[in-house]
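S.K.: Protein chains in written order, with full-length UniProt numbering: chain S, 1 to 226; chain P, 1 to 226.
It is possible that some hints are incorrect.
Note that identical chains are pooled: a pair holds if it fits in a single copy or bridges any two copies.
Claimed, not checked - No farther apart than 35 angstroms at their CA atoms in a straight line, the calculated lysine-lysine pairs in the DSBU-like style are these:
hint	residue 1	residue 2
1	Lys108	Lys120
2	Lys222	Lys67
3	Lys120	Lys67
4	Lys32	Lys120
5	Lys32	Lys108
6	Lys120	Lys201
7	Lys67	Lys221
8	Lys67	Lys176
9	Lys176	Lys201
10	Lys32	Lys201
11	Lys206	Lys222
12	Lys221	Lys120
13	Lys219	Lys197
14	Lys67	Lys32
15	Lys222	Lys120
16	Lys67	Lys108
17	Lys219	Lys32
18	Lys222	Lys201
Just so you know, the hints here were simulated from the structure itself, not pulled from any lab data. These figures come from a predicted structure and were not determined experimentally.
Protein chains: 2
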Amino acid sequence: MSESSISREVTTYLARHSQLTVSPVDYEILEKTARLVDLDERDVLLSHGEPCLYLPFVLQGSIKVTKSSENAREIVLYYIREEGSCILSALGILNGTAYPANALCENKARILLVPSAVVKDFVNRYEGWRNFIFQLYNSRFHQLLEFIDEILFTNLDTRLVRFLLSATGGDSSVRKTHQQIAEELGSSREVISRLLKDMEKADLLKLGRGNILVTNEQKLKKRYLM
Amino acid sequence: MSESSISREVTTYLARHSQLTVSPVDYEILEKTARLVDLDERDVLLSHGEPCLYLPFVLQGSIKVTKSSENAREIVLYYIREEGSCILSALGILNGTAYPANALCENKARILLVPSAVVKDFVNRYEGWRNFIFQLYNSRFHQLLEFIDEILFTNLDTRLVRFLLSATGGDSSVRKTHQQIAEELGSSREVISRLLKDMEKADLLKLGRGNILVTNEQKLKKRYLM
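Bound-form chain S, shown alone (with noise of 0.2 angstroms):
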């Protein structure tokens, strides 16, 4: 990645959230510390236990950051989509703890890493800097609470149809596995491919190979949703 680039990516970023405005000299302390990096799909940005050297800035693509529990079960906490950044990541670099969960590329991403120096100096001297923070804590902490009230008071087969809707593309077909979407609503692979199954044998959607296609949304709808 070219020097130039960088500052074209930096600039850009920059340019988009007003509040994190630096001085000049701060901001070439940005050009030359910052570092770019550009991930493929499931390539691992930052593993549970890691120490946070940088905060990531997405600039393109998305990032998905999960957590394992003890029984090897994953489920995925929040999705960073591009202009987010990673809370958990700034958390561990502003307390100087570790990183709790596990955060790897959904789709291809670009990604400006922000060294943890820098990030703790910026937030100490900027309040824009410490106002991005604590908007970032703010969005994802009620995501948080979203997500234990659907868990908590949600069944499982209105959360499944919920997301398979989400999830259709034109041609109303979701491409994922039963793994997948295991792991998005925080249940195993056997009871998602239990529910499906139901789904499919009561004429509401077509099961293929890392493809479910909805046959019949109205009916899938007024059977779940309402």
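Please build the complex by placing chain P on the supplied structure of chain S, with the hints as guidance.
M.R.: Okay, now just chain P, sitting in the frame of chain S:
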């Protein structure tokens, strides 16, 4: 509450939290603007949707922070014990958002309320105040992650037994109603009552009015936790 007792409480609190140290001038501001409130059991400190006008510091007693779902069920998110503060209030103050939960007194409590303008100002000017917020956030975030992990990956009966064993007094009794236990575990009263009755039938405990007596702790552990 006399001014001298506020001064004493503020001094005591700050002395225990060295990171919250402020200059003599700011200390005077803190003394002049902070309020002390004494709450009784079930008194409401802050309700869902209210603006966050103060950051509460719990001097004595404990505050229960709950969230209600669409179908009017309540879950306990966390407790604020002595020496603690409320991250959701801090986030509300720093982001200008309403309180997203309910905070009520679990037992008699004494709370120091610092006005939001003072909190904002101190967080802006003192690294120690910022670190306090970051640490508060870190610990609550991890608690929520653990809570998610527990509700996704642990059976309700196991969670119920863990809860009973952690809540028994010296006399092996748990002084909670089925409704209270349901709220703690994010379940319904009906489900908790059914599980408890099963355990009573198996001679593991004895149900009374607002009281559960664990009669065979060894067998209870053996059956549900091993």
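S.K.: Between the shortest in-copy and the shortest cross-copy C-alpha distance, which are at most 35 angstroms for Lys32 and Lys120: within, between, both, or neither?
M.R.: both (16 angstroms within a copy, 32 angstroms between copies)
S.K.: Regarding Lys221 and Lys120, is the shortest C-alpha distance of 35 angstroms or less found within a copy, between copies, in both, or in neither?
M.R.: Classified as neither; 48 angstroms inside a copy, 46 angstroms across copies.
S.K.: Treating 35 angstroms as the Cα threshold, decide for Lys67 and Lys221: within, between, both or neither.
M.R.: both (30 angstroms within a copy, 28 angstroms between copies)
S.K.: With identical chains treated as interchangeable, where does the CA-CA distance between Lys67 and Lys32 reach 35 angstroms or less: within a copy, between copies, both, or neither?
M.R.: within (33 angstroms within a copy, 45 angstroms between copies)
S.K.: Under a CA distance limit of 35 angstroms, which applies to Lys32 and Lys108: within one copy, between copies, both, or neither?
M.R.: The answer is within: 25 angstroms in one copy meets 35 angstroms, while 55 angstroms across copies does not.
S.K.: Between the shortest in-copy and the shortest cross-copy C-alpha distance, which are at most 35 angstroms for Lys219 and Lys197: within, between, both, or neither?
M.R.: For Lys219 and Lys197, only the intra-copy Cα distance (16 angstroms) is at most 35 angstroms; the inter-copy one is 39 angstroms.
S.K.: For the identical chains here, do Lys176 and Lys201 meet the 35 angstroms Cα criterion within one copy, between copies, both, or neither?
M.R.: Result: close within a single copy only, 19 angstroms intra versus 45 angstroms inter.
S.K.: Can you tell me if Lys222 and Lys67 fall within 35 angstroms by alpha carbon in one copy, between copies, both or neither?
M.R.: both (33 angstroms within a copy, 29 angstroms between copies)
S.K.: Using 35 angstroms as the alpha-carbon threshold, which applies to Lys67 and Lys176: within, between, both, or neither?
M.R.: Close inside one copy (19 angstroms) and across copies (33 angstroms); limit 35 angstroms.
S.K.: With identical chains treated as interchangeable, where does the CA-CA distance between Lys120 and Lys201 reach 35 angstroms or less: within a copy, between copies, both, or neither?
M.R.: Classified as neither; 56 angstroms inside a copy, 58 angstroms across copies.
S.K.: Could you place Lys222 and Lys201 in one of the four classes (within, between, both, neither) given a Cα distance threshold of 35 angstroms?
M.R.: Close inside one copy (16 angstroms), not across copies (41 angstroms); limit 35 angstroms.
S.K.: With identical chains treated as interchangeable, where does the CA-CA distance between Lys32 and Lys201 reach 35 angstroms or less: within a copy, between copies, both, or neither?
M.R.: neither (59 angstroms within a copy, 70 angstroms between copies)
Checked against the numbered hints listed earlier, the structure breaks hints 6, 10, 12, 15, 17; every other hint is satisfied.
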